[in-house]
Amino acid sequence: MGASRDPQAPSEGGQGILDALATPVFAVDRSRRYTAFNPAHAAVMRYAYGAEIELGGDLLEYHTVALDGELVQASFDRALGGETVSHRAWVGQEAARRFYWTTHSPIRDDDEIVGVAVVSLDLTEQETAVQSQRRLAAIVESSDDAVYSKTLDGMIITWNPAAERMYGYAPTEIIGKSVSLLTPSGTEEHLEVLMERVRRGEAVDD
3 MGASRDPQAP
13 SEGGQGILDA
23 LATPVFAVDR
33 SRRYTAFNPA
43 HAAVMRYAYG
53 AEIELGGDLL
63 EYHTVALDGE
73 LVQASFDRAL
83 GGETVSHRAW
93 VGQEAARRFY
103 WTTHSPIRDD
113 DEIVGVAVVS
123 LDLTEQETAV
133 QSQRRLAAIV
143 ESSDDAVYSK
153 TLDGMIITWN
163 PAAERMYGYA
173 PTEIIGKSVS
183 LLTPSGTEEH
193 LEVLMERVRR
203 GEAVDD
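In terms of my numbering, the sequence shown opens at residue 3 and continues consecutively.
Worth flagging that the hints you see were computed from the coordinates, not collected in a lab. A few of these clues could be false.
Within a straight-line C-alpha distance of at most 25 Å, the following computed SDA-like cross-link-like pairs (lysine to any residue) qualify [what the hints assert, rightly or not]:
id, residue 1, residue 2
1, K152, Q133
2, K152, E114
3, K152, E198
4, K179, I158
5, K152, S187
6, K179, I159
7, K152, V116
8, K152, R137
9, K152, S182
Now the in silico label distances, taken between C-beta atoms and shown as ranges [to be verified]:
id, residue 1, residue 2, range
10, A172, Y49, 46 to 56 Å
11, Q95, G178, 23 to 33 Å
12, E127, R202, 26 to 36 Å
13, P163, L193, 37 to 47 Å
These numbers were taken from a predicted model, which means no experiment stands behind them. Glycine residues also receive a C-beta, built at the ideal position from the N, C-alpha and C atoms.
Can you make the complete structure from the sequences, with help from the hints?
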């Protein structure tokens, strides 16, 4: 009678699929020990923690940043309780921190939960862009200068408090309206010339 196979261990074909994925994927047993991982996950652990992971190694021992380990442990415990848990967080050592959306899912063998499967998506660029937008929005909102933005066809889409003070329109009154409301009579043609330059990608100082 042949030896039984670990229900968490991928088949040869399954491991080939894992290895081909650019997305970091791994599985651990109830003791948090690796039963499978792909090269993308190994590369993440090497970059984030300087760790060379191995099958059978303890997942938490590779996490050298305490807060990261606490987050992993909390998600792992909930997954062992039957939940599918997702979180978004910056992880890794200070010089190598990246922003990941990570999902922990229970692995079941019949009715028994025997481990946890984990998939991570690197959202660093997206999160950095969002944070930059938030910082810019905060600067615009607190500026003493009137700042508003409009589409290329002249519809106003943002309006800061200083613009409200200068022009007298509340955001609810002006957003979605034409910039012609702010244009002095007789200057419409000049404005259209400026907008055409903007459409061509020029920065216009008028």
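How the hints compare with the structure:
1. A threshold of 25 Å between alpha carbons decides the hint, and for K152 with Q133 the separation of about 22 Å falls inside it, so the pair holds.
2. Proposed proximity of K152 and E114 is contradicted: the alpha carbons are some 57 Å apart, above 25 Å.
3. A hinted pair counts as satisfied when its Cα atoms are at most 25 Å apart, and K152 with E198 qualifies at roughly 14 Å.
4. Only pairs whose Cα atoms come within 25 Å are accepted, and K179 paired with I158 is accepted, the gap being roughly 6 Å.
5. With a CA separation close to 19 Å, the supplied pair K152 and S187 stays within the 25 Å bound.
6. Under the criterion of a C-alpha separation no larger than 25 Å, the hint pairing K179 with I159 is consistent with the structure, at around 8 Å.
7. Under the criterion of a C-alpha separation no larger than 25 Å, the hint pairing K152 with V116 is inconsistent with the structure, at around 56 Å.
8. Distance restraint check for K152 and R137: the Cα-Cα separation of roughly 20 Å lies within the 25 Å cut-off, and the hinted pair is therefore satisfied.
9. A distance of roughly 11 Å separates the Cα atoms of K152 and S182; the hinted pair therefore holds under the 25 Å criterion.
10. Between A172 and Y49 the CB atoms are about 49 Å apart, so this pair conforms to the stated range of 46 to 56 Å.
11. For Q95 and G178, the Cβ-Cβ distance of about 47 Å falls outside the hinted range of 23 to 33 Å, so the restraint is violated.
12. In this structure, E127 and R202 meet the distance hint of 26 to 36 Å, their C-beta atoms being roughly 28 Å apart.
13. Look at P163 against L193: about 24 Å separates their beta carbons, and that is not inside 37 to 47 Å.
The structure fails hints 2, 7, 11, 13 (numbered hints given earlier, in ascending order).
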